[in-house]
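Protein chains: 2
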Amino acid sequence: MNSLQFTAESPSNGVIERDFTVGEVPDVLLSPASGADRAPLVPMGHGGGAHKKHRAMAGRARLLVTGCGFHVAVIDAPGHGDRPRTARDEQEIAELRKAQAAGEPEGPIVVRYNARLAELAVPEYQATLDALQELPEIGADGPVGYVGIVMGTAIGVPLVAVEPRITAAVFGMMWPDARIEKAKQITIPIEFDMQWDNERIPREAGLALFDSFASKEKTLHANAGKHSVFPRFESDSSVRFLARHLGQAVTSPA
Amino acid sequence: MNSLQFTAESPSNGVIERDFTVGEVPDVLLSPASGADRAPLVPMGHGGGAHKKHRAMAGRARLLVTGCGFHVAVIDAPGHGDRPRTARDEQEIAELRKAQAAGEPEGPIVVRYNARLAELAVPEYQATLDALQELPEIGADGPVGYVGIVMGTAIGVPLVAVEPRITAAVFGMMWPDARIEKAKQITIPIEFDMQWDNERIPREAGLALFDSFASKEKTLHANAGKHSVFPRFESDSSVRFLARHLGQAVTSPA
Numbered sequence: 001m002n003s004l005q006f007t008a009e010s011p012s013n014g015v016i017e018r019d020f021t022v023g024e025v026p027d028v029l030l031s032p033a034s035g036a037d038r039a040p041l042v043p044m045g046h047g048g049g050a051h052k053k054h055r056a057m058a059g060r061a062r063l064l065v066t067g068c069g070f071h072v073a074v075i076d077a078p079g080h081g082d083r084p085r086t087a088r089d090e091q092e093i094a095e096l097r098k099a100q101a102a103g104e105p106e107g108p109i110v111v112r113y114n115a116r117l118a119e120l121a122v123p124e125y126q127a128t129l130d131a132l133q134e135l136p137e138i139g140a141d142g143p144v145g146y147v148g149i150v151m152g153t154a155i156g157v158p159l160v161a162v163e164p165r166i167t168a169a170v171f172g173m174m175w176p177d178a179r180i181e182k183a184k185q186i187t188i189p190i191e192f193d194m195q196w197d198n199e200r201i202p203r204e205a206g207l208a209l210f211d212s213f214a215s216k217e218k219t220l221h222a223n224a225g226k227h228s229v230f231p232r233f234e235s236d237s238s239v240r241f242l243a244r245h246l247g248q249a250v251t252s253p254a
Numbered sequence: 001m002n003s004l005q006f007t008a009e010s011p012s013n014g015v016i017e018r019d020f021t022v023g024e025v026p027d028v029l030l031s032p033a034s035g036a037d038r039a040p041l042v043p044m045g046h047g048g049g050a051h052k053k054h055r056a057m058a059g060r061a062r063l064l065v066t067g068c069g070f071h072v073a074v075i076d077a078p079g080h081g082d083r084p085r086t087a088r089d090e091q092e093i094a095e096l097r098k099a100q101a102a103g104e105p106e107g108p109i110v111v112r113y114n115a116r117l118a119e120l121a122v123p124e125y126q127a128t129l130d131a132l133q134e135l136p137e138i139g140a141d142g143p144v145g146y147v148g149i150v151m152g153t154a155i156g157v158p159l160v161a162v163e164p165r166i167t168a169a170v171f172g173m174m175w176p177d178a179r180i181e182k183a184k185q186i187t188i189p190i191e192f193d194m195q196w197d198n199e200r201i202p203r204e205a206g207l208a209l210f211d212s213f214a215s216k217e218k219t220l221h222a223n224a225g226k227h228s229v230f231p232r233f234e235s236d237s238s239v240r241f242l243a244r245h246l247g248q249a250v251t252s253p254a
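Line by line, the protein sequences give chains V and X. According to this note's numbering, the first sequence is numbered sequentially starting from 1. According to this note's numbering, the second sequence is numbered sequentially starting from 1.
Careful, some of the hints might be misleading.
Residues on chain X that point at chain V, a partial pick, calculated with CB under 10 Å [unchecked claim]:
1) Phe20
2) Met194
3) Pro202
4) Arg203
5) Ala205
6) Leu207
7) Phe213
8) Leu220
9) His221
10) Asn223
11) Arg240
Hints in this document: simulated from the structure, not taken from any laboratory. For clarity, every value in this text was computed on a predicted model and none was experimentally measured. In this text, a Cβ means the ideal position worked out from N, Cα and C, and glycines have one as well.
Using the sequences and the hints, build the whole thing.
Structure, rendered in structure tokens:
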């Protein structure tokens, strides 16, 4: 079993940010500077081309830490952030850029590439979860959620399908394809985000992925606008969703 | 111009409930027992077969009053609550019950009946708004929202299309048909609720009505489940939506 090594620590406005590794995988853990003895854990998967400290991740993570007192772990996906790219990563990314530049459908490339990354990432995320649950401020039997949009959904859906410790998840903005059979195995409460006028992921694709979850409680939030204008109030909404399901009060409502 | 007559008043847990009439139309106004000198107004339209004091209306209204300090006016639709039914009302209701009992599509009957009610109700709602804005605690230039699901949407969409005083609205759970041209004229922020597994209103109908609003900011909330299991947390969400757009802080978050 890979153990957790803290490599750096920096406090910032009520949040303690600790870089850590589990085996080869570099991650960051954001925790309340002062809080309960134990609090729920929310692992977070970043989007494609982003990394564990990307602005969008940091903003969402801060809302969860300061709003609910949660611990949030953002995990570098294979080939992302501080992790080396393989020749295969480089090739997939080159094909993706080429398709985007030519105005050709990027879906088939993203679906294939992210499915491969998910195969590698799911056991890594599980090992990270094992290691984090050894920490006294998290604990082995505390509530665990998940947040991951776009590539964070491509990895998160197969992760949640096999990981019984995760009991509520925020997903969104992904093609169904490689994920639909895994989504059908998922029964935990889901909040699913999509952009109604997404120019990259067709509306029907987003609706089909939402439809495929077997969850009795699932909520679709579809907002007017293109892929990149995802509204800030949906990050606030995901905090309330996780607070409701992981059993924590929202102390500083947005 | 019809003036407002208060006919009864009863305080209850921080909310003052005042029955009133404007012309022939009986309504109820719910206001904070103590609050700001002036506060935004939210007229609310009830569902078909319900009335101004129906449990679902009272619960939502209370959230808006106690959560945001809003004034909420719930208005009896023609043929509903304390208002007489016409022979035509009786006939439409009989046809609706017959179709429901036979398992035949109720959509065409509801669409036709509610379109007729909306023609009568829109000027009534506007007269009620005129009269309420004469009250010093509301005022002629204060923010105005709207909440109406199911029949409240059938009346609310044509109302909002012609009523520039309403600047944010919560709609949902209605067939598009008679409303789609009116919805295309609406540009204010919209929160739109639907049930993903609605056995009465087809999924495609709900999505089509949401799609037709011209609003730059519009959000679809679709929840797993049938028509009648509309989740309580969506009422909380609509309070936050109106607080955001009518410029009031949520003082007691749900």
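Checked hints:
1. Phe20: violated, 33 Å
2. Met194: holds, 9 Å
3. Pro202: violated, 14 Å
4. Arg203: This hint holds: X/Arg203 lies near chain V, its Cβ roughly 9 Å from the closest one there, short of 10 Å.
5. Ala205: violated, 14 Å
6. Leu207: At about 8 Å, which falls below the 10 Å cut-off, the nearest Cβ of chain V leaves the hint on X/Leu207 intact, so it holds.
7. Phe213: holds, 8 Å
8. Leu220: holds, 4 Å
9. His221: holds, 6 Å
10. Asn223: X/Asn223 check passes; min Cβ-Cβ to chain V is 5 Å, inside 10 Å.
11. Arg240: Holds - the Cβ of X/Arg240 comes within 10 Å of chain V, reaching about 8 Å at its closest.
Figure legend: structure checked against the earlier numbered hints; hints not met, in rising order: 1, 3, 5.
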